[in-house]
Structures are given as structure tokens and as C-alpha cells.
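K.L.:
Residue-level listing of the chains:
Protein chains: 2
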Amino acid sequence: MTTDYSHLLVPSETIGSYTIDQFIEAATQFHGYAAPGLVLGGFMVDAAIKALPDDILFDALSETSWCLPDAVQMLSPCSVGNGWLKILNLGLYSVCLYDKFTGHGVRLWVDLDKIDLDSEIRTWLLKNKPKQEQDSPLLRRQILEAGASICSMRDVQVKPEQRIKRSKGTVVPCPICGEPYPAQFGAICRSCQGESPYLDNLGTDIMPEPSLVATPVEKAVGGQALHDMTRIEPGVSKGPEFKYGQILTGGDVCRLQRMGRSRI
Amino acid sequence: MTTDYSHLLVPSETIGSYTIDQFIEAATQFHGYAAPGLVLGGFMVDAAIKALPDDILFDALSETSWCLPDAVQMLSPCSVGNGWLKILNLGLYSVCLYDKFTGHGVRLWVDLDKIDLDSEIRTWLLKNKPKQEQDSPLLRRQILEAGASICSMRDVQVKPEQRIKRSKGTVVPCPICGEPYPAQFGAICRSCQGESPYLDNLGTDIMPEPSLVATPVEKAVGGQALHDMTRIEPGVSKGPEFKYGQILTGGDVCRLQRMGRSRI
Numbered sequence: 001m002t003t004d005y006s007h008l009l010v011p012s013e014t015i016g017s018y019t020i021d022q023f024i025e026a027a028t029q030f031h032g033y034a035a036p037g038l039v040l041g042g043f044m045v046d047a048a049i050k051a052l053p054d055d056i057l058f059d060a061l062s063e064t065s066w067c068l069p070d071a072v073q074m075l076s077p078c079s080v081g082n083g084w085l086k087i088l089n090l091g092l093y094s095v096c097l098y099d100k101f102t103g104h105g106v107r108l109w110v111d112l113d114k115i116d117l118d119s120e121i122r123t124w125l126l127k128n129k130p131k132q133e134q135d136s137p138l139l140r141r142q143i144l145e146a147g148a149s150i151c152s153m154r155d156v157q158v159k160p161e162q163r164i165k166r167s168k169g170t171v172v173p174c175p176i177c178g179e180p181y182p183a184q185f186g187a188i189c190r191s192c193q194g195e196s197p198y199l200d201n202l203g204t205d206i207m208p209e210p211s212l213v214a215t216p217v218e219k220a221v222g223g224q225a226l227h228d229m230t231r232i233e234p235g236v237s238k239g240p241e242f243k244y245g246q247i248l249t250g251g252d253v254c255r256l257q258r259m260g261r262s263r264i
Numbered sequence: 001m002t003t004d005y006s007h008l009l010v011p012s013e014t015i016g017s018y019t020i021d022q023f024i025e026a027a028t029q030f031h032g033y034a035a036p037g038l039v040l041g042g043f044m045v046d047a048a049i050k051a052l053p054d055d056i057l058f059d060a061l062s063e064t065s066w067c068l069p070d071a072v073q074m075l076s077p078c079s080v081g082n083g084w085l086k087i088l089n090l091g092l093y094s095v096c097l098y099d100k101f102t103g104h105g106v107r108l109w110v111d112l113d114k115i116d117l118d119s120e121i122r123t124w125l126l127k128n129k130p131k132q133e134q135d136s137p138l139l140r141r142q143i144l145e146a147g148a149s150i151c152s153m154r155d156v157q158v159k160p161e162q163r164i165k166r167s168k169g170t171v172v173p174c175p176i177c178g179e180p181y182p183a184q185f186g187a188i189c190r191s192c193q194g195e196s197p198y199l200d201n202l203g204t205d206i207m208p209e210p211s212l213v214a215t216p217v218e219k220a221v222g223g224q225a226l227h228d229m230t231r232i233e234p235g236v237s238k239g240p241e242f243k244y245g246q247i248l249t250g251g252d253v254c255r256l257q258r259m260g261r262s263r264i
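Quick mapping for you: the protein sequence lines, in order, are chains A and B.
Per full-length UniProt numbering: the first sequence = residues 1 to 264.
Per full-length UniProt numbering: the second sequence = residues 1 to 264.
These are computed hints drawn from the structure, not numbers from a lab.
Just so you know, not all the hints are guaranteed correct.
Claimed, not checked - In silico lysine to aspartate or glutamate, EDC-like type, Cα no more than 20 Å apart, as pairs:
hint: 1; chain 1: B; residue 1: K129; chain 2: B; residue 2: D116
hint: 2; chain 1: A; residue 1: K159; chain 2: B; residue 2: D111
hint: 3; chain 1: B; residue 1: K100; chain 2: B; residue 2: D55
hint: 4; chain 1: A; residue 1: K168; chain 2: B; residue 2: D200
hint: 5; chain 1: B; residue 1: K50; chain 2: B; residue 2: E13
hint: 6; chain 1: B; residue 1: K165; chain 2: B; residue 2: D99
hint: 7; chain 1: B; residue 1: K159; chain 2: A; residue 2: D200
hint: 8; chain 1: B; residue 1: K159; chain 2: B; residue 2: D116
hint: 9; chain 1: B; residue 1: K100; chain 2: B; residue 2: D111
hint: 10; chain 1: A; residue 1: K50; chain 2: A; residue 2: E13
hint: 11; chain 1: A; residue 1: K100; chain 2: A; residue 2: E133
hint: 12; chain 1: B; residue 1: K100; chain 2: B; residue 2: D116
hint: 13; chain 1: B; residue 1: K114; chain 2: B; residue 2: E145
hint: 14; chain 1: A; residue 1: K114; chain 2: A; residue 2: E145
hint: 15; chain 1: A; residue 1: K100; chain 2: B; residue 2: D99
hint: 16; chain 1: A; residue 1: K50; chain 2: A; residue 2: D99
hint: 17; chain 1: A; residue 1: K100; chain 2: A; residue 2: D113
hint: 18; chain 1: A; residue 1: K168; chain 2: B; residue 2: E133
hint: 19; chain 1: A; residue 1: K50; chain 2: A; residue 2: D200
hint: 20; chain 1: A; residue 1: K100; chain 2: A; residue 2: D54
hint: 21; chain 1: B; residue 1: K168; chain 2: A; residue 2: D111
hint: 22; chain 1: B; residue 1: K168; chain 2: B; residue 2: E195
hint: 23; chain 1: B; residue 1: K159; chain 2: A; residue 2: E195
hint: 24; chain 1: B; residue 1: K168; chain 2: A; residue 2: E133
hint: 25; chain 1: B; residue 1: K100; chain 2: A; residue 2: E145
hint: 26; chain 1: A; residue 1: K159; chain 2: B; residue 2: D200
Stated by the list, open to error - Non-contacting residues of chain A with respect to chain B, defined by C-beta distances greater than 10 Å in every case (computed):
hint: 27; residue: I20
hint: 28; residue: L68
hint: 29; residue: P137
hint: 30; residue: E195
The beta-carbon is built from N, C-alpha and C at its ideal position, and this holds for glycine as well.
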């Protein structure tokens, strides 16, 4: 079944409950400036909301991290922080709103076939000119005139794996930094595992510096593992294979070597 | 150098320019409901903003995708859509605001050492009770009373690799679905590469079904590749190794077999 959404893909003088001027002001407030992508995104999200039945709870999926997620957040109850908006960075200027329970919804995307070859919108979308050579006032005018008419919309069914409700599971204090984290992330928190985005990671600040001597792995039999050691099988598993305090046996030497460790 | 931020980590009757009641109303509007994490996040982001010099442009980093990103988006110019807010899902209830140009900033985190053992906040954070057994009104009251006093704050330097400005690079229409996408993502867009979140991917809808017979790879010499074939070296590269239309040579057989393809 294909639904005809062409009546929603027309120029409009409103975006959601905003007039165009009000939307531009709200966009400046929320996004820092009324970026062309955000204005276009506003028309798109507005049309998508109108395509859905009134009485459903919907989630949103943005196929780009640029601008469009903010249009969703400005015009719908979906946000990244409440988890009703997901961003899948496919780099496509497309948004999908769908029924939270059934996964059925609509996808709206920018349709190059509907954009004139000499349009400033095309130049902007395909980056045919460096930004400073683009005509920003013309681009703004063309986007406001076009609205969602440069888009196409179709029914979609969101894959079940995309709709799984996120869950933190059990939360425990990290044995190194003390901060609460989801236990499913490992024996210590991800930050202390080395994913800290800071140069001066707290984990290394508060740990007393132990005096350690690296031991060739074949001489480590009978010794204790001083820290967790992770084994990565790409696409299959990634988790601690050896745990802190574990006594190493002869058979472990081969496993450690296969994990690429010659000294521990 | 360690800065003393204790004067900012005190209970407060405002969150940014909002009174508490106004913030709760704005949170309901933006997030769907004034979640405990969003209210606590509001106090945290407010304190972080006050810790920064007035005259800098700052970016934000949320170490969780739960609630906290929305506090950043409600109280600062940083949003996911403008790229000034990044989410690094370490599962830690922590936020960092930092100078866009130097990477120097502050990190604020919930500090279990500052939370009473019998506090409802601790029960909620560590999920010591199922949600339906938690005392939500008490939790709300305790969070409003505590403000940022249950947090700690310290100076941080954000790693340079975290501060790289995202760039789409060249944008081209996908040869399969026709939608514009960043060329750096591959010869066809990610959605057509199989990452589409929809059961009925457009790529497969519009391609005529070819009648194909799989050929053992060693018999394919002299034939043409009917589609791109990707080679993945974990952590090193992932891209099309064979292109659509390419004539296969004897030497290619070995490369294809190493890529795990015995039939094409």
C-alpha cells in the first residue's frame, strides 16, 4: 500500500504552530542561528507530523546529525535526552516519525528530482560552491518559498532492532573513579577503560602509581592478573577475558598470546 | 592548578534564567515531563556555565545520553543539531563545558560521596529499587533541595581528537537511491549499503530484481563484478575493494577469497 502524501508536500506559511518569523526567532534561540537546514527541517517535520494519525505516540529518527535533529526537538516532544529521537548518522537529509508501538510511520527526504538545476538549494545541498560564495539570502528565500515541496514522503516500517527500548540495566559505582555507571559496560566504567575524553583522566589522577615490572607472558604462570585484560573478536565479542586477581595457568599463556600480549 | 568551585556547588532557587517552577514547565514542554535527571542536569549545567569565563564560546560534552543532553540544550546555545553539544555515551551522569578554541573547561559529575546513604537520590541513581517502588515526590523534593551540592566539579582539558570539527566533505547523489550523501561514506550511501533502518529499504524497492546465479570465485576470472564488494580490516579500513563493473583477474581470486568470498 502506498499512501499519497502530495497534499502535505506544498509550500506553507507556517511551521507547526509558528509563523515563519516566529520559527526563525525560535530557531535562533535554540540553535544559535536560523540555519537553512533547520528551516527546511522545520517544514519537513511539520509535514511528517501532519501525516501521522493524531492519536498515536510517535518516536523520531533523524538520518543525519546536522540541523534536522533540532527541527524534531523544536516541533515535537521527541528529544535526544528523552530517547524518543534517535540519530542514525547516514548523512541523509531525511527524517522519519513512526508509531512507537507498531514501528509504522513516514519517511520524508529531500528529493533532488524536485529541485531545479540552477536552484541555490541544490548548490547548498551538494556543496557545489564553497560556503562563502553561496548566496545565503537567496537560499533562505528559496527554502521559505519551497517548504516541503522539494521533498518526497513515503510509508515505512522501522526495523524492530531500531525500536528496542534502551535500558541502563544495573548501575554500580566504578571501582576506580567511584562514579555510578551501567554495569553492562564492564568491570570498570568506560572512562576508566580508556574512553575518557579528557587529557587528565580522573582515574589516573587518583590511583596511586604502582611500581610494576612487565613479565614475559610465558613466565607469568602461577602469578596473578593485576588488571582486567580484554579480548576483542571483531563483530563477535569484546569483554574482559582475564579478570583482576585471576591466577594464570599454563593454558592461559596461549590465550594471552593469541590476544596479542607477550608481556603482562 | 586546581580551581575551587565549591561556591558554585550549593543549593539554588533558580536554574539559569528560570525559577524552579518555570524550569519544570519548560522541561515538561521540551522533554515531555520534568524527569528527575533533567532537573538535576539543569542545576549542573547552570553551575558549569557560571564556572566559565563570560566572554568565551563554549562547546558541551554529555557523558550520558539520558536526560542530561536536554538540560544542555535547554540552558545553553549548544544542541546536537548545531554540533556544539556532543554526546559520548559513557553512561556517566556528567557534563563538561569547555572553551571551543582551547579545549579547557570544567567537568561536573554526580558525586556519590556527597549523597546520604538513605537518600532517595541514591536509590534512584543506583536503581536500588524498581522504579515503581521509588518515591518520586520525595526524589523530586530532595533534588530540588540539593541542587548541584551533590556534585563535584574540576578543571579538564578536552582531548584534541574530541574537538575536531565535523565536516561532511563532498556531497554527491547516491547512484542507487539518488539521495545526496557525504561521498566519504562510500561508493553508495550507507542506507543502500545495508544500514537502512527500514524493513522496506528504498534501494531494494526501485532496483529491478536481476536474475543472478552465484559463481564460484575461482571461475569468475574475466567476468564483471555485479556490485561493490567491501573489504574490512578491523580498525584499519573499510571500503569497497571491488567496484561495480570491474573485470576480475586471476590475482583478484585470492583477494576475494581472503575477503571470505567463495562465490560471487
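K.L.:
With reference to the structure, classify each hint as holding or not holding.
P.N.:
Outcome of the hint check:
1. B:K129 / B:D116: With Cα atoms ~16 Å apart, B:K129 and B:D116 stay inside 20 Å; holds.
2. A:K159 / B:D111: 39 Å, violated
3. B:K100 / B:D55: Within the cut-off at roughly 12 Å; holds.
4. A:K168 / B:D200: With a Cα-Cα distance of about 30 Å, the restraint between A:K168 and B:D200 is violated, given a limit of 20 Å.
5. B:K50 / B:E13: Cα-Cα ~15 Å, so holds.
6. B:K165 / B:D99: Satisfied, since the Cα-Cα distance of roughly 14 Å is no more than 20 Å.
7. B:K159 / A:D200: Between B:K159 and A:D200 the Cα gap is close to 9 Å, so the pair holds against 20 Å.
8. B:K159 / B:D116: Since the Cα atoms of B:K159 and B:D116 sit roughly 34 Å apart, the hinted pair is violated (cutoff 20 Å).
9. B:K100 / B:D111: The hint is violated at about 26 Å.
10. A:K50 / A:E13: 15 Å, holds
11. A:K100 / A:E133: 43 Å, violated
12. B:K100 / B:D116: Violated, because 36 Å separates the two Cα atoms, which is more than 20 Å.
13. B:K114 / B:E145: 13 Å, holds
14. A:K114 / A:E145: This hinted pair holds, its Cα atoms lying about 13 Å apart.
15. A:K100 / B:D99: 38 Å, violated
16. A:K50 / A:D99: Between A:K50 and A:D99 the Cα gap is close to 13 Å, so the pair holds against 20 Å.
17. A:K100 / A:D113: Not OK: A:K100 and A:D113 at ~31 Å, beyond 20 Å, violated.
18. A:K168 / B:E133: 18 Å, holds
19. A:K50 / A:D200: The given pair, whose Cα atoms are some 49 Å apart, is violated under the 20 Å limit.
20. A:K100 / A:D54: Holds, because 13 Å separates the two Cα atoms, which is no more than 20 Å.
21. B:K168 / A:D111: Since the Cα atoms of B:K168 and A:D111 sit roughly 19 Å apart, the hinted pair holds (cutoff 20 Å).
22. B:K168 / B:E195: 18 Å, holds
23. B:K159 / A:E195: The given pair, whose Cα atoms are some 11 Å apart, holds under the 20 Å limit.
24. B:K168 / A:E133: 18 Å, holds
25. B:K100 / A:E145: Since the Cα atoms of B:K100 and A:E145 sit roughly 35 Å apart, the hinted pair is violated (cutoff 20 Å).
26. A:K159 / B:D200: 9 Å, holds
27. I20: 19 Å, holds
28. L68: 7 Å, violated
29. P137: About 21 Å separates A:P137 from the closest Cβ of chain B, which puts it past 10 Å; holds.
30. E195: Its Cβ does come within 10 Å of chain B, the nearest being 6 Å, so this is violated.
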